Amino acid sequence: MKRRNLLKGLASLPILGLFSWGYVVKKSEEEEVKRAILSELNIKAKAPSTTGSMDGNTIRIGIIGPGGRGRHLMRAAGYAEPEWLEKANQEVLENPYDKRLKTFLEQENLNIRFTAVCDVFSEHADLAMGAATTDDNKPKKYSRYQDLLADPNVDAVIIATPDHWHAPMSIDAIKAGKHVYVEKCMTHKVQETFDLKNAVEENPNVIFQVGHQHRQTLSFLTAMDIVDKNVLGHVSLIEASTNRNDDNGAWQYWINEKANPKTVDWEQFLGNAPKIPFNAEHLFRWRKWWAYGTGLSGDLLTHDYDRINCILKMGIPTSVMASGGVYTHRDGREVPDVMNVTMEFPDYSTGNSQKNGKEKGMTFLYSATLGNSYWRPTKLMGHDATLELGNSLQVYPDRNSTRYEDFFENNIIESETPLYSYDPRTKGVDGVTSATAKYFAQKGLLYTYRDGKQVDSTHLHIREWISAIRNGTSVSCGIQEGFEEAISAHMASLSYKTGRRVNWDKTNQKIVVEGMEDPDLDALISGPMNV
Amino acid sequence: MDTQIYRSRQLSALVLLRWLIGWHMMYEGITKIANPSWTAKGYLTSADGLFPGFFQWLASDGLIGVVDFLNMWSLFLIGLCLILGLFGKYAALFGGVLVLFYYLAHPPLFEPSVVPVEGNYLFINKTLIEAVALFVLAFFPTDHIIGINRYINKGK
Chain A
1 MKRRNLLKGL ASLPILGLFS WGYVVKKSEE EEVKRAILSE LNIKAKAPST
51 TGSMDGNTIR IGIIGPGGRG RHLMRAAGYA EPEWLEKANQ EVLENPYDKR
101 LKTFLEQENL NIRFTAVCDV FSEHADLAMG AATTDDNKPK KYSRYQDLLA
151 DPNVDAVIIA TPDHWHAPMS IDAIKAGKHV YVEKCMTHKV QETFDLKNAV
201 EENPNVIFQV GHQHRQTLSF LTAMDIVDKN VLGHVSLIEA STNRNDDNGA
251 WQYWINEKAN PKTVDWEQFL GNAPKIPFNA EHLFRWRKWW AYGTGLSGDL
301 LTHDYDRINC ILKMGIPTSV MASGGVYTHR DGREVPDVMN VTMEFPDYST
351 GNSQKNGKEK GMTFLYSATL GNSYWRPTKL MGHDATLELG NSLQVYPDRN
401 STRYEDFFEN NIIESETPLY SYDPRTKGVD GVTSATAKYF AQKGLLYTYR
451 DGKQVDSTHL HIREWISAIR NGTSVSCGIQ EGFEEAISAH MASLSYKTGR
501 RVNWDKTNQK IVVEGMEDPD LDALISGPMN V
Chain B
1 MDTQIYRSRQ LSALVLLRWL IGWHMMYEGI TKIANPSWTA KGYLTSADGL
51 FPGFFQWLAS DGLIGVVDFL NMWSLFLIGL CLILGLFGKY AALFGGVLVL
101 FYYLAHPPLF EPSVVPVEGN YLFINKTLIE AVALFVLAFF PTDHIIGINR
151 YINKGK
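Chains as they are written, first to last, in the working numbering: chain A, 1 to 531; chain B, 1 to 156.
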């Protein structure tokens, strides 16, 4: 009787034994597969390069063009206008998962101050003054940027104007001995791209950075390691894309009704653009006209091109072809809203796992529409694997890979399951709201992560520039990177506008349009369509 | 003290159910414990149904750490107790409430499901059935017959 009693009490123990055995076997199989794959790949997520300390002299900055993007740059540098703070506070109340305010408040103090502000529209200048003014800092407001550059209380300038002002202002700033952070596209025309490069190279003491903040994105550092370790094999095709389907994404920015010939220095806005009477739409939605902007090539292709150039360092393409049109937003704009660009790199190689002779040549395909917001990830397609790239990244093995043949034979991997997957967020969900913001966030253009915490990439990019000024550390998007970005974008615009193949003459450092003898490239690029 | 007396077929079916659910919960628990990056945050923040605000509150930065910890260890310990037949009544009751929360965070209402699921459900899904099965186990305890509780009850 007693023995029967004991058995009934412990009848569950075999179940527990079975569970433990099953768990251990399953777990060790999973671990074995993981270990086999990881030791074969040997990918190590590199730690981001540390930039120097923010102690020392306070750097005095002038902001030129504090519109929407310009004031974002000011926030990324630590200064928000009271109006933005109030709005952000309200938005957090409505959506507690909106992390923009928290991200701003937790930003590191960069030990800088804005001592000067310049904008052609007085309201933008006033907003920036509100952001820059503190108890111990009363910034000066300038209506002409030349006067701001002459101010001895300015060490460095951030330029966030329309594209057609980027190069003239940067060149003048460099000549005045000011450090420069300029937004992309670095230049608006071809000749000024060379002029700006010369100006930077002739003034080695000036720190010059182009605003491609995604260079700070953590997953891209891992992507670099993936390419270095030849995980992908020979990459023959890269696909990158832009899909947006909202007004803001199509550059239909809000028109401030307070803008009129009295509140706007229209002559200064026009600069080297054709002289036309005051036009508020041109002022706020300048990206839609070639006279001020660079269209999809300069605004969005440059993001994707530079993301890839940051990982592969492939440089300027040998040739570019582009086509497209205005198919959705027939509102009088000149720049296309659908555009496909193919860039050829016939001599470029990412590595090889096959017999020699199969390792050279790559096409970069950029495909964009402003009439659909379906998410298309960037893909680097190699003989052995495909890399999907965003804020997180995945590596999918190719079923006909040479390198992973044994893995496939032993059923260790399958082509639908990522061979490697990396997500720096680990714990956390974003609360970014608007469609355009989401588009940027997915691409790693808005936020990145440090120690699992969300950080504004722009803040890190500005910090890198400030550290270079203060500590002599290096910048990740200097003149060479900016030059390659701008020339590639201009080649795409020239091909779109002429309907011809556009080549890069590497020896003579010259853009050549096939079938046209010495065309006026700048007239082609800044004028309306002339196919 | 539980005094239910079952016919042997009834007892076998109830004990089998107890073991199966115990196994399922324990395995769910241990896989979460073994995965350092696991979190219920996504599941909670995407909650729909009747009380999304409550689940989103659970997912807030200050709470999610505790919620994750309690959730994975509750699953594991409830599963272990069900298998062993230790405090089975309380384990089943607590387990039923826990699983009911999973159901309430994402109940299959009228909206078509946005993520692929392995079956078709309207109001009732396997999560709810598991929760109710746990309540059945709580009210038809078997651990005083087959399980460690047999000794505990006897001692009293």
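FYI, nobody ran anything at the bench for these hints, they're computed from the structure.
Nothing here was measured: the structure is a model prediction, and the numbers come from that model.
Even for Gly, the Cβ is constructed at its ideal location relative to N, Cα and C.
One thing to keep in mind: the hints can contain errors.
Stated by the list, open to error - Derived, one-sided and incomplete: chain A residues facing chain B with beta-carbon distance under 7 Å:
#1 Arg3
#2 Leu7
#3 Ser12
#4 Pro14
#5 Ile15
#6 Gly17
Tested hints:
At its closest, the beta carbon of arginine 3 of chain A sits 13 Å from a beta carbon of chain B; the interface hint therefore is violated under the 7 Å criterion. Contact between leucine 7 of chain A and chain B, as hinted, is not supported at the beta carbon level, the nearest pair being about 9 Å apart and thus beyond 7 Å. At about 5 Å, the closest approach between the beta carbon of serine 12 of chain A and any beta carbon in chain B falls short of 7 Å, and the interface hint on this residue holds. Given hint, proline 14 of chain A at the interface with chain B, is violated; its Cβ is 10 Å from that chain's nearest Cβ, farther than 7 Å.
Satisfaction of the interface hint for isoleucine 15 of chain A is found here, the shortest Cβ-Cβ separation to chain B being roughly 5 Å, below the 7 Å cut-off. Taking 7 Å as the C-beta contact cut-off toward chain B, the hint placing glycine 17 of chain A at the interface is violated, the least distance being around 10 Å.
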